[in-house]
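S.K.: Line by line, the protein sequences give chains A and B. 1 is the number of the first residue of the first sequence in full-length UniProt numbering; add one for each residue after it. 1 is the number of the first residue of the second sequence in full-length UniProt numbering; add one for each residue after it.
Hints are not guaranteed to be accurate.
Intra- or inter-copy, both count: the list cannot distinguish identical chains.
Mimicking BS3-like on lysine-lysine, the simulated pairs with C-alpha atoms at most 30 Å apart in a straight line are [to be verified]: (1) K121 - K109; (2) K43 - K23; (3) K286 - K90; (4) K90 - K204; (5) K23 - K181; (6) K109 - K90; (7) K280 - K23.
By construction, these hints were calculated from the structure, which means they are not laboratory data. Computed from a predicted model, the values in this text were never measured in an experiment.
There are 2 protein chains.
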Amino acid sequence: MKKHNFSPGPCILPQQVFEKTSKAVLDYNGIGLSVMEISHRSKEFIEIMENARTLALEHLGLENKGYKALFLQGGASMQFLMASYNLLEKKAAYLNTGTWSSKAVKEAKLFGEVIEVASSKDANFNYIPKDYTIPPDVDYFHCTSNNTIFGTQLKTLPQTDVPVVCDMSSDIFSRNLDFSKFGLIYAGAQKNMGPSGTTLVVIKEDILGKVSRSIPSMLDYKVHLDKDSMFNTPPVLAVYVSMLTLEWLKEKGGISAMEKINEAKAGLLYTEIDRNPLFKGFVAQKGDRSPMNATFNLTDESVKEKFDTMWKEAGINGLNGHRSVGGYRASMYNALPLESVQVLVDVMQEAERTA
Amino acid sequence: MKKHNFSPGPCILPQQVFEKTSKAVLDYNGIGLSVMEISHRSKEFIEIMENARTLALEHLGLENKGYKALFLQGGASMQFLMASYNLLEKKAAYLNTGTWSSKAVKEAKLFGEVIEVASSKDANFNYIPKDYTIPPDVDYFHCTSNNTIFGTQLKTLPQTDVPVVCDMSSDIFSRNLDFSKFGLIYAGAQKNMGPSGTTLVVIKEDILGKVSRSIPSMLDYKVHLDKDSMFNTPPVLAVYVSMLTLEWLKEKGGISAMEKINEAKAGLLYTEIDRNPLFKGFVAQKGDRSPMNATFNLTDESVKEKFDTMWKEAGINGLNGHRSVGGYRASMYNALPLESVQVLVDVMQEAERTA
Chain A
1 MKKHNFSPGP CILPQQVFEK TSKAVLDYNG IGLSVMEISH RSKEFIEIME NARTLALEHL
61 GLENKGYKAL FLQGGASMQF LMASYNLLEK KAAYLNTGTW SSKAVKEAKL FGEVIEVASS
121 KDANFNYIPK DYTIPPDVDY FHCTSNNTIF GTQLKTLPQT DVPVVCDMSS DIFSRNLDFS
181 KFGLIYAGAQ KNMGPSGTTL VVIKEDILGK VSRSIPSMLD YKVHLDKDSM FNTPPVLAVY
241 VSMLTLEWLK EKGGISAMEK INEAKAGLLY TEIDRNPLFK GFVAQKGDRS PMNATFNLTD
301 ESVKEKFDTM WKEAGINGLN GHRSVGGYRA SMYNALPLES VQVLVDVMQE AERTA
Chain B
1 MKKHNFSPGP CILPQQVFEK TSKAVLDYNG IGLSVMEISH RSKEFIEIME NARTLALEHL
61 GLENKGYKAL FLQGGASMQF LMASYNLLEK KAAYLNTGTW SSKAVKEAKL FGEVIEVASS
121 KDANFNYIPK DYTIPPDVDY FHCTSNNTIF GTQLKTLPQT DVPVVCDMSS DIFSRNLDFS
181 KFGLIYAGAQ KNMGPSGTTL VVIKEDILGK VSRSIPSMLD YKVHLDKDSM FNTPPVLAVY
241 VSMLTLEWLK EKGGISAMEK INEAKAGLLY TEIDRNPLFK GFVAQKGDRS PMNATFNLTD
301 ESVKEKFDTM WKEAGINGLN GHRSVGGYRA SMYNALPLES VQVLVDVMQE AERTA
């Protein structure tokens with residue numbers, strides 16, 4: 001039986017993506033070769049790579065606006081480093097909203113001064129700070145659009161004239177934003193875009209070339225841009241699966257259509273969290289809640305064992321909260337159907353009735 | 001029809017690996033989840049990662065000898081950088097035997113003095129320099145065991161007391177060496193070990209901790225070692241496919257058994273290259289020839305079109321030489337069956353008969 005997969009990432013992908021990938025691993029489009037054994041210089045793979053790069057820009061509404069898309073390796077963790085290597089000449093401003101922001105700050109400090117404009121660390125990151133100022137003389141402002149661990153999301157972007165760098169790993173392609181406000185967007189694929197093993201990097205080219213340090217080739221955005229994301233052997237399969245997922249997103253109506261479905265899923269679950277006396281949401285202010293990752297705790301720990309058995313028996317996977325928060329986390333990425341959320345809500349109601 | 005895949009990488013993998021992967025993409029071991037959607041913190045994936053790391057050390061005969069294995073991202077190109085970031089304090093010695101060695105030299109120069117102990121660049125890398133001295137006061141000696149583009153292979157290692165760092169991307173697991181002579185071995189997976197998207201790094205732990213610079217987390221071998229190769233989300237599918245390939249290698253009898261098969265394949269093809277007046281090997285000295293990548297050219301360019309049609313019609317893929325060498329390159333990695341080499345030899349003989 002197919003599980004209801006609420007895993008925070010790697011996570012559920014569309015069933016048609018699994019099916020197409022499974023076939024392509026045996027034989028890619030009937031050419032007598034597995035997608036895993038084709039050369040990255042073959043016309044087949046160049047088409048996959050170009051298609052994936054184009055679809056990414058298209059979904060974000062960034063075609064013909066001075067942006068380019070790359071599919072790199074190393075996850076967002078490598079981007080913490082690459083962003084500062086490429087952009088941080090003197091000082092940068094960082095908004096600290098969770099574990100991943102904190103890690104980004106740590107890496108940036110190797111390359112220059114980091115001004116933490118605000119942090120919600122004092123309250124275990126259960127809210128998004130809103131009242132802060134970005135100094136006008138920083139090289140860039142860095143933020144994390146969605147905090148996978150704590151279940152918070154930035155709803156609005158601050159006004160600033162400096163380039164905005166954003167880690168969108170856990171909510172890219174899930175909601176509409178004016179993406180042209182960003183100078184650099186990066187996202188590990190393993191939430192809304194594909195399997196683990198590749199990272200989407202979207203760069204406004206004019207923000208590059210402003211630091212004086214030497215940048216090692218593999219960390220240099222310009223090197224990768226000049227080689228159309230093929231400076232070295234790319235992660236062929238991960239890019240292929242990402243392309244299939246971006247195609248699926250297009251079939252589904254793109255980000256706008258997906259945003260509505262995501263709002264419906266989040267609405268269903270958060271309504272239950274707020275209604276059901278057995279549960280309590282982790283995030284302090286409802287306006288900061290993430291539609292991607294809903295974090296919640298039991299109000300009565302004595303029912304834990306029973307509730308855990310119930311959701312596992314209902315075929316639910318990946319609901320345990322991160323150790324920093326405890327309790328539960330329901331990750332509802334694009335590919336998770338509304339029906340899976342309904343199954344979870346039913347279990348929560350059953351737990352209430354039988355408590 | 002399944003192709004005879006002589007692609008230089010990404011390349012042919014064992015058919016049973018394609019078949020198991022295809023199934024696991026739909027449902028991993030009957031757990032109701034695709035291998036692409038399981039958490040990297042799940043017991044299933046931790047088992048895959050540990051199994052892959054153990055198998056790698058086991059095949060190399062490096063268990064309980066102070067070595068650890070990592071599965072990282074970024075390919076050998078990222079290792080050019082990481083090796084020097086972690087090991088190069090003052091100066092290092094490099095043997096330059098081809099395009100990849102040259103790239104490794106370039107990255108290392110950002111971190112210290114590089115002494116190029118020898119180079120075969122003067123002859124378009126068609127031989128392996130043998131007469132050179134490694135200064136005793138360098139931090140390490142770096143070499144490339146097999147030159148994929150030029151078709152040469154280091155048959156013996158120089159004697160030295162400094163740590164030996166080796167890029168084994170294109171011949172790891174293909175032949176027996178005393179691997180305990182190496183301080184650091186790295187290899188992009190996409191030849192003998194798996195699909196593109198992960199890189200095996202085997203480190204003798206006592207060579208670390210000797211440089212004074214700050215190392216960014218993602219580039220720090222120690223950070224990855226301390227987290228058992230799970231500092232950040234690993235490329236789940238690429239590690240899984242590598243594990244399957246290492247299991248297949250074990251079933252086949254390991255490196256020693258594989259080496260015999262590889263010698264038979266190489267013997268068959270090189271004998272034909274030397275015998276057939278239509279062809280000429282690229283490598284200057286037979287003793288430097290790589291069993292992995294056989295590079296050869298036509299003696300009469302006028303038969304090129306006909307020969308190209310013939311091998312394509314025989315179901316052969318990936319035989320075009322690299323632009324630096326021209327002509328042809330037959331990559332005969334572990335998973336390529338002897339039968340495929342026989343098909344190529346038959347075509348070469350047919351080309352001779354009908355020329």
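S.K.: Sort out which numbered hints this structure fails and list those numbers smallest first.
M.R.: 3, 5 and 7
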